[in-house]
Structure formats: C-alpha cells, structure tokens
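S.K.: These are the residues of each chain, in order.
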Amino acid sequence: EDQVTQSPEALRLQEGESSSLNCSYTVSGLRGLFWYRQDPGKGPEFLFTLYSAGEEKEKERLKATLTKKESFLHITAPKPEDSATYLCAAPNAGGTSYGKLTFGQGTILTVHP
Amino acid sequence: EPEVTQTPSHQVTQMGQEVILRCVPISNHLYFYWYRQILGQKVEFLVSFYNNEISEKSEIFDDQFSVERPDGSNFTLKIRSTKLEDSAMYFCASRDRGHSPLHFGNGTRLTVT
Chain A
21 EDQVTQSPEA
31 LRLQEGESSS
41 LNCSYTVSGL
51 RGLFWYRQDP
61 GKGPEFLFTL
71 YSAGEEKEKE
81 RLKATLTKKE
91 SFLHITAPKP
101 EDSATYLCAA
111 PNAGGTSYGK
121 LTFGQGTILT
131 VHP
Chain B
436 EPEVTQTPSH
446 QVTQMGQEVI
456 LRCVPISNHL
466 YFYWYRQILG
476 QKVEFLVSFY
486 NNEISEKSEI
496 FDDQFSVERP
506 DGSNFTLKIR
516 STKLEDSAMY
526 FCASRDRGHS
536 PLHFGNGTRL
546 TVT
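Protein sequences appear in the order of chains A and B. Mapping of the first sequence onto the working numbering: residues 21 to 133, in sequence order. Mapping of the second sequence onto the working numbering: residues 436 to 548, in sequence order.
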C-alpha cells in the first residue's frame, strides 16, 4: 500500500532559524513527489514537483530535495509568514489517474518573530 | 494567476439532505478532482474526472456521491443523503495534461447536523 509519512508533526522555529521537514514514501515506481503549503481554512497551494532522485527545486527560502526513499523541504532563515502546514503527496502507484494523490499528514510549521 | 474557485465556502445541512458543492476549475485544465479533509486528518482522494466521465474513484465515493460537469466551466459534487460523517472540508482541484501538478480551490466546509 502506498504510504507517505511526514515528520515532525509540528515544528516551532525562531525567525532566522533554518531547519528541514521530512517526507518519506513507499510508492513503487514513483511518478513524482509534490510539496504543498496549506494555510488555515485554505486549500493546498502548490510549491514544487520533484521527479527523480537527486533533483532539487528552490523558491525563495524553500528548497526541496529528493532521494530514493524520502524528500526534504529545507527552510532557510524562515520568517513568520512562512508559518503554515506543509504537505507532501505522491501519485498512487499503478493508479490510472496521475492526480490520485496520497498525502502525508503534514508538518505544522510555526515561526516566531 | 488563474485559480480554482469553489462555492459556497461553508454549507450547513441536516442529516439526510442533499447538497451540491460547486467548483470552477482553471479554464484550460483537462482533469478534475474532488478531495476531502476531515478535521485533523489527511487530505484524501475522492474521485477523478476526465473527458466527461469518472476515471477513478475511492472507496469513500459510494452511491451517495456523484459528480457532473454540466457545462464547459462548472464541476459539481453531489451528496444525495448526507450523513454526520460527511462533515469535512471538500476541495476541488484541476490540472493540465501530462505530469502537471494539481491546483486546489480553497474548499467548501460542509457541516452536517
């Protein structure tokens, strides 16, 4: 069964304190790994897609990396506005629909000023 | 930037009543989805829709659920006879062709009393 597991469940940082979020997956024949940001009461907002081990993507203070078993979302010098829940997701193996995603439970990031 | 829009933002209904949740996907997208998120739980797949038919559905998507694309812009989710356990945030999503990512709306919070 496809599984996506994120850690930690919650992370509190001081402004400027860099850290990483982890997403481990057991999806055979990975067809992509997505990172989303979700603010309270809102829908997931797309951040990155990673397709193969060794790939990296960057956007402002965020950098996503991918290995054969896990992905990391690195946050460099975070600001309070980076506070949100970060979700990772992967298309199901063997699913006919590429958009049938298995989501992790998310990491709730809080950045204090 | 184009976005997925959902209405209403909040729907309260009594158990056994029918509800219709509405979505306007991004205009040039080809694939459409409904996901739901029960409070405190993971985002979970309900159904995918392509070329005017359901391409895949989850175990959750039983005979009480149906989807429709009545015209060139709207995409709806109908729950025929709501149950208490249907209370959740329902997200509509759409994507373009190939391995493009899903773009989500901000959801409809459904409360069944």
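Among the hints, erroneous ones may be present.
In silico lysine-lysine, DSS-like type, Cα no more than 27 Å apart, as pairs [said to hold, decoys possible]:
1. Lys62/A with Lys79/A
2. Lys513/B with Lys79/A
3. Lys99/A with Lys88/A
4. Lys513/B with Lys99/A
5. Lys477/B with Lys62/A
6. Lys88/A with Lys62/A
Chain A is faced by these chain B residues, among others (derived, beta-carbon under 8 Å) [claimed, not checked]:
7. Arg530
8. Gly542
9. Thr546
Computed list of chain A residues with no C-beta within reach of chain B, every gap over 12 Å [unchecked claim]:
10. Glu90
11. Ser117
12. His132
Just so you know, these hints were derived from the structure itself, not from any lab. Small disclaimer: the values here were computed from a predicted structure and weren't measured. Beta carbons: idealized from backbone N, C-alpha and C, even for Gly.
S.K.: Would you mind marking each hint as holding or not holding in the structure?
M.R.: Tested hints:
With a C-alpha separation of about 20 Å, the suggested pairing of lysine 62/A with lysine 79/A holds against the 27 Å cut-off. This hinted pair does not check out: lysine 513/B and lysine 79/A have alpha carbons roughly 37 Å apart, beyond 27 Å. Using a Cα cut-off of 27 Å, the hinted pair lysine 99/A and lysine 88/A is violated, with the two alpha carbons roughly 30 Å apart. Between lysine 513/B and lysine 99/A, the direct Cα distance comes to roughly 41 Å. Violation of the 27 Å bound is thereby established for this hinted pair.
Under the criterion of a C-alpha separation no larger than 27 Å, the hint pairing lysine 477/B with lysine 62/A is consistent with the structure, at around 14 Å. For the given pair, lysine 88/A sits about 31 Å from lysine 62/A by alpha-carbon distance, which is inconsistent with the 27 Å threshold. With a least beta-carbon distance of about 6 Å to chain A, the hint placing arginine 530/B at the interface is held under the 8 Å criterion. Restraint check, glycine 542/B versus chain A: the minimum CB separation of about 5 Å is within 8 Å; hint holds.
The beta carbon of threonine 546/B is not positioned within 8 Å of any beta carbon in chain A (closest approach about 14 Å), and the interface hint is therefore violated. In this structure glutamate 90/A is separated from chain B by more than 12 Å, as the shortest Cβ-Cβ distance comes to about 18 Å. Look at serine 117/A: its CB is around 4 Å from the nearest CB on chain B, not clear of 12 Å, so calling it non-interface is violated. Every CB of chain B is more than 12 Å from the CB of histidine 132/A (nearest about 23 Å), matching its label as outside the interface.
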